[in-house]
Amino acid sequence: MLTFILRRLLLAVPVLLGVVFVVMLTIDLLPGDAVTLMLGEHATKDAVARLREHLGLDKPFFVRYLDYVGQLVHGDLGRSIQQNRPVAAELGDAWPATLQLTVAALLLAAALGIAAGAASAVWPNSLFDAVARLGSLFGLSMPIFWTGLVLIVVFSLWLNWLPVGGAGSLTHLVLPAVTLALPSVAMIARLTRSAVLDVLREDYVRTARAKGLRELWVLGRHALRNALIPIITLVGLQSGQLMGGAVLTETVFSWPGLGRLMVKAIFARDYVLLQGAVLVFALAFVIINLLVDLSYGLLDPRVGRQG
Amino acid sequence: MDAWSRFRRNRLALVGLVLVAVLALSALLAPWVAPYDPARQSLIEKRARPGGKYILGADEFGRDILSRVIYGSRVALLVGVLSAAIAVVGGLGLGMIAGFSGGWLDSLMMRAIEILLAFPYLLLALAIVAALGPGSLNTTIAVGIWGVPAVTRIVRGSVLALRETEYVGAARALGAPALALLRRHILPNIVPSLIVYATLFMANAILLEAALSFLGLGVQPPTASWGLMVSTGRDVLLVAPHVATVPGLAIMLAVLAFNLVGDGLRDALDPRLRGS
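Listed in order, the protein sequences are those of chains G and S.
Be aware that the first sequence starts at -16, since it is given in the numbering used here, and climbs by one per residue.
Be aware that the second sequence starts at 545, since it is given in the numbering used here, and climbs by one per residue.
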């Protein structure tokens, strides 16, 4: 088991290094020159050259890559060009908001999705099932940014129950969290339904029922526990979806998180901040996948033994 | 019962197919079906409510929303279908190379794919689109490239599995060259699941393009893209909500259509894949 954990952790390192590489390479390819943007169009060639040298942009790509990795190891993410603050500080201000939003959405999605999916499986082809399945299809098809806007129109404009945007209180969290959670609820519900249906067909469930165990016990202890393995994998993978969706949701609701920060950085060509932000997202995603892998090893003893 | 009749019995799938047909027709016949020129501005009538002269209302520049939605279907369909084609062709090629050669090449490709898939979906697409530059065609290519890693992994998996089957083993024992093996034995087995995947991919491609255009990084004005329309409609959301919400409805219907057809195809082509 320990070897399993160690091996997965070790494999994560080259992936992270590769992520840094891809991020830097793409930002390099971004059209528009960061230095000219900073100094303005009327800057003298001299000033441009000097700033470029100061920022280290005149060095070849590989040198910059190694320099950056070296920096990262020391925890230095550089300074934001736009704000002239350390990137780590900018990210530090923003990530709690994103974490709050993503966790809220994930919990909501898991709770609603698993409940709806399990109920659908227990009463297949009922009215509830039909409505739930149709609802899931709609939920998967709705663009997140549109869902957010529609919710704003209904709950802020027409009903005036909830604020339009910004952060600060629980009422501010409701709409963004629901918006972000919706596609995941749909996916999780669909998967839970099929996973639980598969499990309910298994022999050991029939045995449990034949033994005379209460239906709820059969469901909770036997069925759901085994169905949980693919469900947890999906929930973990949904975190990646949620991070992508967070970028859109934060933009729509003016939520002060990493996603909104990233979009602003893109438009300002603040490549240092952008590198840091994308890195944090990717890192979070890798860590979550790792946790999912590890939980897989815990839940399914067969996997843990192989190592 | 063959696949087509199974598909036909699925009412939801048929609804999806009808919606896709509507989408395709409006894209093809846009110049004849749209009541107004999508770029025609009429500032006096800006933000006109739906009904009356402009059936779906007018946007912040007085342009007819219905016409822009109709023209927007061109972008949606272009991106959806073309990017799926790029992803499938690219992924098919790379997946077969990886699955068939094995060894260090396979490992290298798998590591690269793992790295690419370590990015949340939007970020990866953003990165590619940022590198290529904005615009409809670049966005299409970007979404297509974004889809290649996932398809590669699927194809590779199938190739690896099929490589070990008896009939491939027999063919090899008979001395069949690798290319013929790929073409005659492996490919026909991959095609059904690829078709399903491609259809569902089109749904996601439309969503992705809408998201990129919404952020201002995809299709650029004055091209009518639904995502872009939602984005600019956001400015007048509180006074004229229809400007932003109507194009979004179009996005949802188009995506729903492809999801329904994809689900239907999956149920029809392999009932074993269903959850019920």
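Honestly, the hints are just simulated from the structure, not real lab data.
Every value quoted in this text rests on a predicted model; they were computed, and no experiment measured them.
C-beta: ideal position from N, C-alpha, C; glycine also.
Heads up, a few of these hints could be off.
Stated by the list, open to error - If you anchor each label on the Cβ, the simulated ranges turn out as follows:
(1) G:P107 x S:L572: 57 to 63 Å
(2) S:L704 x G:W200: 49 to 55 Å
(3) S:A705 x G:Y187: 24 to 30 Å
To be verified - Cβ-to-Cβ under 8 Å is the rule here; a few derived chain S residues that face chain G:
(4) W576
(5) I657
(6) I659
(7) L751
(8) P785
(9) N803
To be verified - Partial list, derived from the structure: chain S residues whose beta carbon lies under 10 Å from chain G:
(10) Y580
(11) L622
(12) L668
(13) L797
Do the hints match the structure? See the list:
{"no.": "1", "hint": "G:P107 x S:L572: 57 to 63 Å", "in the structure": "40 Å, violated"}
{"no.": "2", "hint": "S:L704 x G:W200: 49 to 55 Å", "in the structure": "41 Å, violated"}
{"no.": "3", "hint": "S:A705 x G:Y187: 24 to 30 Å", "in the structure": "28 Å, holds"}
{"no.": "4", "hint": "W576", "in the structure": "28 Å, violated"}
{"no.": "5", "hint": "I657", "in the structure": "10 Å, violated"}
{"no.": "6", "hint": "I659", "in the structure": "4 Å, holds"}
{"no.": "7", "hint": "L751", "in the structure": "6 Å, holds"}
{"no.": "8", "hint": "P785", "in the structure": "4 Å, holds"}
{"no.": "9", "hint": "N803", "in the structure": "6 Å, holds"}
{"no.": "10", "hint": "Y580", "in the structure": "24 Å, violated"}
{"no.": "11", "hint": "L622", "in the structure": "18 Å, violated"}
{"no.": "12", "hint": "L668", "in the structure": "9 Å, holds"}
{"no.": "13", "hint": "L797", "in the structure": "8 Å, holds"}
In this structure, the hints that do not hold are numbers 1, 2, 4, 5, 10 and 11, in rising order.
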